[in-house]
Amino acid sequence: MKRARLRLYQALLLAAVFTAWQVATQPDLLPPIVWENPNRAAFFFGEPLKMFQVIWTWFSEGTIYRHLWVTLEETVLAFCIGAAAGLVVGLWLGLSPIASAILEPYITALNAMPRVVLAPIFLVWFGLDIGSKIALGVTLVFFIVFFNVYQGVKEVSPVVLNNTLMLGANRRQLLRHVYLPSATSWLFSSLHVSVGMALVGAVVGEYLGSARGVGYLIQQAEGAFDINTVFAGILVLTGFALVLDVLVGEVEKRLLVWRPAQSETEQL
Amino acid sequence: MAAAVELDRVTCAFAGARGAYTAVKDVTLAIGEGEFVSVVGPTGCGKSTLLNVAAGLLKPSSGSVRVLGEPLAGINRRAGYMFQTEALMPWRSCLANVMAGLEFRGVPADEAKREAQAWLARVGLAGFGDLYPHQLSGGMRKRTSLAQMLILDPPILLMDEPFSALDIQTRQLMENELLELWSADRKSVVFITHDLEEAIALSDRVIVLSAGPATRPIGEFAIDLPRPRDVAEIRLTPRFIALHDRIWHSMKDEVLKGYAQTRNRTAA
Chain A
11 MKRARLRLYQ ALLLAAVFTA WQVATQPDLL PPIVWENPNR AAFFFGEPLK
61 MFQVIWTWFS EGTIYRHLWV TLEETVLAFC IGAAAGLVVG LWLGLSPIAS
111 AILEPYITAL NAMPRVVLAP IFLVWFGLDI GSKIALGVTL VFFIVFFNVY
161 QGVKEVSPVV LNNTLMLGAN RRQLLRHVYL PSATSWLFSS LHVSVGMALV
211 GAVVGEYLGS ARGVGYLIQQ AEGAFDINTV FAGILVLTGF ALVLDVLVGE
261 VEKRLLVWRP AQSETEQL
Chain B
916 MAAAVELDRV TCAFAGARGA YTAVKDVTLA IGEGEFVSVV GPTGCGKSTL
966 LNVAAGLLKP SSGSVRVLGE PLAGINRRAG YMFQTEALMP WRSCLANVMA
1016 GLEFRGVPAD EAKREAQAWL ARVGLAGFGD LYPHQLSGGM RKRTSLAQML
1066 ILDPPILLMD EPFSALDIQT RQLMENELLE LWSADRKSVV FITHDLEEAI
1116 ALSDRVIVLS AGPATRPIGE FAIDLPRPRD VAEIRLTPRF IALHDRIWHS
1166 MKDEVLKGYA QTRNRTAA
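So the sequences go chain by chain: A and B. Position 206, counted from 1, in the first sequence is what the numbering used here calls 216; the numbers after and before it change by one each time, with no gaps. Position 172, counted from 1, in the second sequence is what the numbering used here calls 1087; the numbers after and before it change by one each time, with no gaps.
Because the hints were derived from the structure by calculation, they are not lab data. Just so it is clear, CB atoms sit at the ideal spot from N, CA and C, and this is done for glycine as well. Among the hints, a few may not be true.
[To be verified] Each pair of labels, with its calculated beta carbon distance range: (1) Gly-141(A) <-> Ala-1033(B): 51 to 61 Å; (2) Gly-934(B) <-> Lys-164(A): 53 to 63 Å; (3) Ala-111(A) <-> Gly-931(B): 18 to 28 Å; (4) Pro-168(A) <-> Gly-1134(B): 27 to 37 Å; (5) Lys-1172(B) <-> Ala-111(A): 35 to 45 Å; (6) Thr-943(B) <-> Tyr-116(A): 46 to 56 Å; (7) Asn-121(A) <-> Trp-1163(B): 54 to 64 Å; (8) Val-214(A) <-> Asn-1179(B): 53 to 63 Å; (9) Ser-106(A) <-> Ala-1033(B): 39 to 49 Å.
Excised from the complex, chain A in its bound form (with noise of 0.2 Å):
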């Protein structure tokens, strides 16, 4: 299918949504079938069209970006931190047998424990500023560049390896040379999900007690029963969501241009 109309058909499924939406919750437009207060459906769903105003005003006036700043800092400097750290967590723990074996049980607990619940213990850690809404990020994002990376100096292969060793390289030289980039090649195949995390980390910990933030608008609203301005949020969320996996791609595109891309076997 052409590129064009595939954009037009994707806009057409968007607004075709949109509208069904729209149309099943106004109220007193459908006679009543659910329920028999005219009202109820808006309360519950919201009216796409006036979640767009809560947008426009958001966006026209200029309040919204105070907080999608702030979402944004926590969700980069989350990133960033737990990256670093994975990084290195999972370099060290892939090149060496020992500390592995010894951690093994322990990594594999601290994974499997839903980390969310430790939203109010950073709360009461790092107060109700950032900087516990990037702890609860970098605990999301870490594991997942750890295991990434730890399975990537884990695959490194052998001929490589060994390759490398015969031109010479000392052991400072492999790991510069052949775990690093290994390994981070695994960390940017998953950097969509690590971003995805970070911003996770963000919004629940905004949402569990800030005074700033996307989730901190979301958690406000609905407070004051306000759906309208809840799906705003959440649609302001997603569309923030959308921007960072594109930039996201671009840096990936960038800095993997090594690897054989799908598009270069596809069939013309």
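Starting from the known structure of chain A, fit chain B onto it as the hints suggest.
Relative to chain A, chain B alone:
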């Protein structure tokens, strides 16, 4: 004159899932300086094990290795190794792969680059330096590996079925190129192959190994074909055919034995 590589009663045993497995047993071999020696044997007989011992990548269970008169400890720094499977660093461009050895030795980058470019030209890859391994054909990757090994000017070349993955035309081309490069400075070569014709066409001497386990040399044949040779043409000369006949007869029983063993192993 000291031999380039000398294996003295080398035995390699591995602890496998089905008990101890002796890959090679009491192998004594000597490769003279400037000599091109091929080692042939049935598949799975431990040819690569011997080469890894000579490279210092594998420590023999018993026996000793001497390189240019000195006992070998650790990696064999006097030898270049060309692997059967893909050994290039996939995250490095063709040029950066060829440069790698010089880089590890601390040669300044611009000098290493100049030399790498010269080597790429010598193996017929001028202008392909910026491509990554996955963008090259199998034959081009082998040329890159060859340049990567030869740029360090090692006095000993260890080659483990380097051309077995190539189609027959590319293979003969590469064999001729190898002979040409070799004749320029007569390095000592240990060439592992399962292809008897390739072994005869290239070598000064062919060593035949028995079927595994506990592989040992069972025959040695001097190849008195005149040089320079063209690997495609020389196969048609009567002397070549006579040599092939003689060596093949000594090998045949071992090949059948090896075949029966692998068949039993898969059946069991």
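Here is what the structure says about each hint:
1. In this structure the supplied range 51 to 61 Å holds for Gly-141(A) paired with Ala-1033(B), their Cβ-Cβ distance being about 56 Å.
2. Between Gly-934(B) and Lys-164(A), the C-beta spacing of about 26 Å breaks the proposed range 53 to 63 Å.
3. At roughly 21 Å, the beta-carbon separation of Ala-111(A) and Gly-931(B) lies within the given 18 to 28 Å, and the hint holds.
4. Under the hint 27 to 37 Å, the C-beta atoms of Pro-168(A) and Gly-1134(B), about 32 Å apart, fit the expected range.
5. Between Lys-1172(B) and Ala-111(A), the C-beta spacing of about 41 Å keeps the proposed range 35 to 45 Å intact.
6. In this structure the supplied range 46 to 56 Å holds for Thr-943(B) paired with Tyr-116(A), their Cβ-Cβ distance being about 51 Å.
7. Look at Asn-121(A) against Trp-1163(B): about 58 Å separates their beta carbons, and that is inside 54 to 64 Å.
8. The hinted window of 53 to 63 Å between Val-214(A) and Asn-1179(B) holds, with their beta carbons roughly 60 Å apart.
9. Checked against the hint of 39 to 49 Å, the C-beta distance between Ser-106(A) and Ala-1033(B) comes to roughly 41 Å, which is consistent with it.
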